[in-house]
Amino acid sequence: MSDAWIIVTEEKQVAALVAAAKGLGGKITAIAVGPRALADAAAIAGPDEVKWVDAKGIPVEAYAGSVARLVAAALPKVVVASGTVEGRVLAGATAARLGAAVIPGGLKLSALGDRTVVERADLDGRVVETIEAAGPVVTFYAGDDVASEGFAAVPVEPVGTDAAADILVEKTEPAAGAGAGINQAAVVVSVGRGLKKKDDLAIVHDLANALGAEIGCSMPVADDLGWVEKERYVGRSGQHIAPQLYIAIGIRGAPQHLEGIRDAKVVVGINNDPDAPIFKFADYGIVGDLYDVIPALQAALGK
Amino acid sequence: MKTVIVYKWARNAEDAVVRNDGTVDWRNAKMTAGEDDFAALEAAKAIAEGDELIGLTIGDGDASWALARGVLQTISVTDASNLTDNASTAAIIVAAMRQIGGVDAVVIGDSEEYAGVPVALAGQLGWPAIAHVSSASAVDGRVQVVRKQGSSEQTISIAAPAVIAVSAASPEKKTPGMKEQLAARKRPVTKLTLAAIGAASDDKVSSKGTRLPETAAARIFDGDPAAAAEQLVAALRGEGVL
Amino acid sequence: MAGEEAGEIDFDVIVIGGGVAGAVCAYQLARAGKQVVLIERGEQPGSKNLSGGVFYCRVMEQVFPNFVDDAPIERRITRNVLSFLNPTSHFNIDYWDQRLAEPVNAVTVLRARLDAWLSEKCEEAGVMVMSGVRVDSLLFEGDQVVGVKAGEDELHAHVVVAADGVNSFIAQGAGIRAKEAPQSLAVGVKSVIGLPRTVIEDRFNLTGDNGVAYAVVGDCTQAVAGGGFLYTNKESVSVGVVLRLDDLEAKGLTSSEVHDHFLQHPAIAPLLRDGELREYGCHLTIENGPRMVSHDVTRPGLIIIGDAAGFTLNTGLTIRGMDLAAGSGIAAAKTIVRALELGSYGQQAMDDYRNQLDATFVGADMKTYARAPEFLEVPRMYKEYGLLLADIFHDIYNHDTTPRKHIAATAFGAFKRSKMKLFTTIGDVLKGVRAL
Ligand SMILES: Cc1cc2nc3c(=O)[nH]c(=O)nc-3n(C[C@H](O)[C@H](O)[C@H](O)COP(=O)(O)OP(=O)(O)OC[C@H]3O[C@@H](n4cnc5c(N)ncnc54)[C@H](O)[C@@H]3O)c2cc1C
Ligand SMILES: Cc1cc2nc3c(=O)[nH]c(=O)nc-3n(C[C@H](O)[C@H](O)[C@H](O)COP(=O)(O)OP(=O)(O)OC[C@H]3O[C@@H](n4cnc5c(N)ncnc54)[C@H](O)[C@@H]3O)c2cc1C
Ligand SMILES: Nc1ncnc2c1ncn2[C@@H]1O[C@H](COP(=O)(O)O)[C@@H](O)[C@H]1O
Numbered sequence: 362m363s364d365a366w367i368i369v370t371e372e373k374q375v376a377a378l379v380a381a382a383k384g385l386g387g388k389i390t391a392i393a394v395g396p397r398a399l400a401d402a403a404a405i406a407g408p409d410e411v412k413w414v415d416a417k418g419i420p421v422e423a424y425a426g427s428v429a430r431l432v433a434a435a436l437p438k439v440v441v442a443s444g445t446v447e448g449r450v451l452a453g454a455t456a457a458r459l460g461a462a463v464i465p466g467g468l469k470l471s472a473l474g475d476r477t478v479v480e481r482a483d484l485d486g487r488v489v490e491t492i493e494a495a496g497p498v499v500t501f502y503a504g505d506d507v508a509s510e511g512f513a514a515v516p517v518e519p520v521g522t523d524a525a526a527d528i529l530v531e532k533t534e535p536a537a538g539a540g541a542g543i544n545q546a547a548v549v550v551s552v553g554r555g556l557k558k559k560d561d562l563a564i565v566h567d568l569a570n571a572l573g574a575e576i577g578c579s580m581p582v583a584d585d586l587g588w589v590e591k592e593r594y595v596g597r598s599g600q601h602i603a604p605q606l607y608i609a610i611g612i613r614g615a616p617q618h619l620e621g622i623r624d625a626k627v628v629v630g631i632n633n634d635p636d637a638p639i640f641k642f643a644d645y646g647i648v649g650d651l652y653d654v655i656p657a658l659q660a661a662l663g664k
Numbered sequence: 163m164k165t166v167i168v169y170k171w172a173r174n175a176e177d178a179v180v181r182n183d184g185t186v187d188w189r190n191a192k193m194t195a196g197e198d199d200f201a202a203l204e205a206a207k208a209i210a211e212g213d214e215l216i217g218l219t220i221g222d223g224d225a226s227w228a229l230a231r232g233v234l235q236t237i238s239v240t241d242a243s244n245l246t247d248n249a250s251t252a253a254i255i256v257a258a259m260r261q262i263g264g265v266d267a268v269v270i271g272d273s274e275e276y277a278g279v280p281v282a283l284a285g286q287l288g289w290p291a292i293a294h295v296s297s298a299s300a301v302d303g304r305v306q307v308v309r310k311q312g313s314s315e316q317t318i319s320i321a322a323p324a325v326i327a328v329s330a331a332s333p334e335k336k337t338p339g340m341k342e343q344l345a346a347r348k349r350p351v352t353k354l355t356l357a358a359i360g361a362a363s364d365d366k367v368s369s370k371g372t373r374l375p376e377t378a379a380a381r382i383f384d385g386d387p388a389a390a391a392e393q394l395v396a397a398l399r400g401e402g403v404l
Numbered sequence: 075m076a077g078e079e080a081g082e083i084d085f086d087v088i089v090i091g092g093g094v095a096g097a098v099c100a101y102q103l104a105r106a107g108k109q110v111v112l113i114e115r116g117e118q119p120g121s122k123n124l125s126g127g128v129f130y131c132r133v134m135e136q137v138f139p140n141f142v143d144d145a146p147i148e149r150r151i152t153r154n155v156l157s158f159l160n161p162t163s164h165f166n167i168d169y170w171d172q173r174l175a176e177p178v179n180a181v182t183v184l185r186a187r188l189d190a191w192l193s194e195k196c197e198e199a200g201v202m203v204m205s206g207v208r209v210d211s212l213l214f215e216g217d218q219v220v221g222v223k224a225g226e227d228e229l230h231a232h233v234v235v236a237a238d239g240v241n242s243f244i245a246q247g248a249g250i251r252a253k254e255a256p257q258s259l260a261v262g263v264k265s266v267i268g269l270p271r272t273v274i275e276d277r278f279n280l281t282g283d284n285g286v287a288y289a290v291v292g293d294c295t296q297a298v299a300g301g302g303f304l305y306t307n308k309e310s311v312s313v314g315v316v317l318r319l320d321d322l323e324a325k326g327l328t329s330s331e332v333h334d335h336f337l338q339h340p341a342i343a344p345l346l347r348d349g350e351l352r353e354y355g356c357h358l359t360i361e362n363g364p365r366m367v368s369h370d371v372t373r374p375g376l377i378i379i380g381d382a383a384g385f386t387l388n389t390g391l392t393i394r395g396m397d398l399a400a401g402s403g404i405a406a407a408k409t410i411v412r413a414l415e416l417g418s419y420g421q422q423a424m425d426d427y428r429n430q431l432d433a434t435f436v437g438a439d440m441k442t443y444a445r446a447p448e449f450l451e452v453p454r455m456y457k458e459y460g461l462l463l464a465d466i467f468h469d470i471y472n473h474d475t476t477p478r479k480h481i482a483a484t485a486f487g488a489f490k491r492s493k494m495k496l497f498t499t500i501g502d503v504l505k506g507v508r509a510l
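In order, the protein sequences belong to chains A, B and C.
Going left to right, the first sequence walks through residues 362 to 664 as the numbering used here numbers them.
Going left to right, the second sequence walks through residues 163 to 404 as the numbering used here numbers them.
Going left to right, the third sequence walks through residues 75 to 510 as the numbering used here numbers them.
Same shape as in the complex, but just chain A (with noise of 0.2 Å):
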């Protein structure tokens, strides 16, 4: 039994975070880095209790050093924070300030003895690895996203902080290509390099037609190839997107473009190939050429 503290930037896995930290068995505490409602949030994903520093419209790094300061207190065995960027940075200092391990990737722990064990995701999620640490430990996590379960709130306590650290948002814009149809679709047709010309685009947009869905791409497709729009192409450094169905048309299900569709809620390969890892991925999957699948499934939704 070990006590850990998680470190919430963003409410969206709030409650995900709880849980892995519960593997632990023992009292957790979640310091909350933003505005009240994140605070609130966190109080009823199940901790122990929540304390909460007003970032005050500053970015969250800012505070990195406060946090530091007041988890490192407490002494904790294990502190997780999400994988987003400001949660690492958080993380970071903490762990600095703890003299802990720093492990990314993590997706469960438990406590053996006196000892913590991380298990965490490696080589872009294709193996688990299990690590075991002497010492104070910090993970960003890594797994799923959990329904919160309602628990009661338990109270937030505001905490003071030092000064924040010299960072200024300057200025904030859409990103490119924030406003595209994809964002918001519920079904995206999305289409890689194993179409063999631009011309045969004309079959992908028929499906996505008959789908009622929006078109997007692998990036070589919209990047080195220009057939399709530069805003619309999926992944790491494109959109990243939220449909209730991806069907993904010859692409090779790259760990770059896997990163996009997350928060998809069923995927679909389709790909000559049946090592290719988008099948790993994949809830569905079709094995086979693309020019022969693509009419079948114009034909098989006519029916």
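What the hints contain is simulated information worked out from the structure, not anything from laboratory work.
Idealized CB from N, CA, C, for every residue including glycine.
A couple of the hints might just be wrong.
Okay, the calculated beta carbon distance ranges per label pair [stated by the list, open to error]: (1) B:R181 <-> C:K441: 58 to 66 Å; (2) A:K557 <-> B:D384: 15 to 23 Å; (3) A:P635 <-> B:G303: 52 to 60 Å; (4) C:A343 <-> B:A378: 23 to 31 Å; (5) B:G264 <-> A:E493: 50 to 58 Å.
For chain A, the structure is supplied; the task is to place chains B and C with the ligands on it using the hints.
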């Protein structure tokens, strides 16, 4: 600004083969720089603005990687090994940076695999950090960075000294040509040992092995395309997504 | 450095292509104290290379005295299986000999690892390895080759070595080679299938680092001229087909179809069962090396080695390219060291390369096997003989309650049914004996 570009030189994870029993075969994995590192180097050049720019790598990093991309001097900590604990890796970088001294900005690739290194580094230096940066420059003695956050793009200004972790948006488009590689040969490489910088190379954690994740495999329909398509459509209707 | 255009020289020698040929040549030159650059277009040497993978590696002992112990080899081949494959039967000649292990005669290799190791050795010896650079063309002064051009950049040297593989755009660009005729070329398609070490050892009856090489003819290629191969590595099996381009086209098949058919053949599939695909690739190789090598292999200031020159022997049972690549690299290095000492790099100095080749197994073997391609053009090789052998043995083992005959009579019966003419067969046998 006096800037350090930290680049990693490690076995390419994409080449690692995962066996059926979940163990990993690294034998065919080639050593490469991190996929974000070239973008980090571009940002570092912009921040240095012609001031001193020093390449730093730990382990058996190839100095010519940085030198051929326009860095004039590099340091490598030759006897450091590849560690699981990202904080231990960061500690070695910190020790090397103390040797360099007077650094205003350290720029490093923000790799998914070693997502803890830049932030642990900032923590140990006690410097502010910004991660997932796409480009950077120096403006009036401060570092200005651009990063994508959700559906918006932020321009952030941060006082030096600072740690800037950069993510590449695409593969490197142009690799160094013959003249650049030749020039790299003539530039100085300083080799340091852990003992010389007063650092240790020990993991605070131990790996107990790897296994396959227990994700449910995709339901695959193969064989006749018409039949497969019909089965898929039926399944998707069952899921309520059509 | 004694150069005609001293001052402009960046290196004594520029070697284009980091395959076996280029690496061995560059290494030998650096060991002789010469300034050498090895230019490879891949991100790393070996990253783009593909071989079936049996390396007749005795020649490497001349370069690296402990080659077999030091290099990343996979297995030592002590068992050779020649397999005649028919749709529902196979006839195997299985030759196992522990003597093949000591001294080591042939080993399996994976090129990504071997080439990376060779390039490391080159760097240790002082070669500058430039990766990620594609040489576009040669630089000439009159008819003398004086360097190379890549993108905007130019490098100058006394001698340039073209080791850029089977397509050798360098040799083509220099007007030495025309685009090769399809009947001189074959396409190889290969998969590497991962299997646990213990499974490989049990399945192929192997112990320790010993390995087996299968050469397969017949139904594996769906009657396209060519053959199949299967070689064991430590934790994987390299398996694939090599198909003559012109015949493939004539039969209207694609190389990947033939490859897939081979891997799914009932005689092959069980050997690969439960394996995982690790690599898949396609590469040209040389069908008729002796014909290709009949063109020039030098120009003033230029020497062509390895596949770029045509040094590959396809005997039907084995493809030998890597050992000849190494041998030609050694011969070229000797010529160049001499030329550098004399300070003369004209045609006459380069011509010494032919003598150096003739003094080694490379020159001799290219002559010995000059007729092999002709023998391999015999279409019966790819179908009828396998069926005939299977029929003979079917008659021997198929105890269908008819009275038994002597083997000779059985064979003759099967032969008569096969509709092959006795004289054609004798002709083929003689051709084979003379060619191989
Ligand atoms: C820093 C960085 C950032 C990146 N960011 C992104 C990003 O945001 N988004 C992104 O997409 N990529 C990104 N990439 C690129 C990524 O690594 C891959 O290279 C890219 O996603 C591959 O695109 P693809 O799958 O379309 O092409 P390929 O990898 O070429 O795959 C094509 C697939 O089509 C299949 N296929 C071929 N023919 C057929 C057929 N007839 N029928 C069916 N299937 C067929 C093949 O089997 C193969 O699986 C990034 C890379 C880097 C280094
Ligand atoms: C399917 C198959 C099976 C085979 N099986 C065997 C076997 O079992 N045993 C055997 O001994 N041989 C085998 N071979 C033949 C063997 O692979 C070749 O003979 C051998 O690789 C030749 O070596 P090389 O160094 O001449 O050329 P390569 O290995 O082809 O190397 C040429 C190098 O030059 C580089 N290059 C090309 N152009 C440029 C340029 N413009 N600028 C810079 N770099 C360039 C390439 O990237 C490459 O690294 C097989 C071949 C195939 C295709
Ligand atoms: N380590 C070995 N590697 C290859 N062949 C072997 C080995 N040991 C024995 N053999 C021979 O391989 C042949 C095939 O064996 P079997 O599969 O038992 O029919 C027999 O002649 C064995 O003697």
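Note to self: I want to verify a distance hint. Is the separation of the beta carbons of A:P635 and B:G303 within 52 to 60 Å?
What the structure shows: Roughly 57 Å apart at Cβ, these two residues keep to the hinted range, so it holds.
Check: So does B:R181 sit 58 to 66 Å from C:K441, Cβ to Cβ?
Finding: violated (47 Å)
Note to self: Tell me if the beta carbons of B:G264 and A:E493 are separated by a distance inside 50 to 58 Å.
What the structure shows: violated (39 Å)
Next item on the list: Determine whether the Cβ-Cβ distance between C:A343 and B:A378 falls within the hinted range of 23 to 31 Å.
Entry: holds (28 Å)
Note to self: Given the hint of 15 to 23 Å, is the C-beta distance from A:K557 to B:D384 inside that range or not?
What the structure shows: holds (21 Å)
Comparing the model with each numbered hint stated earlier shows that hints 1 and 5 do not hold.
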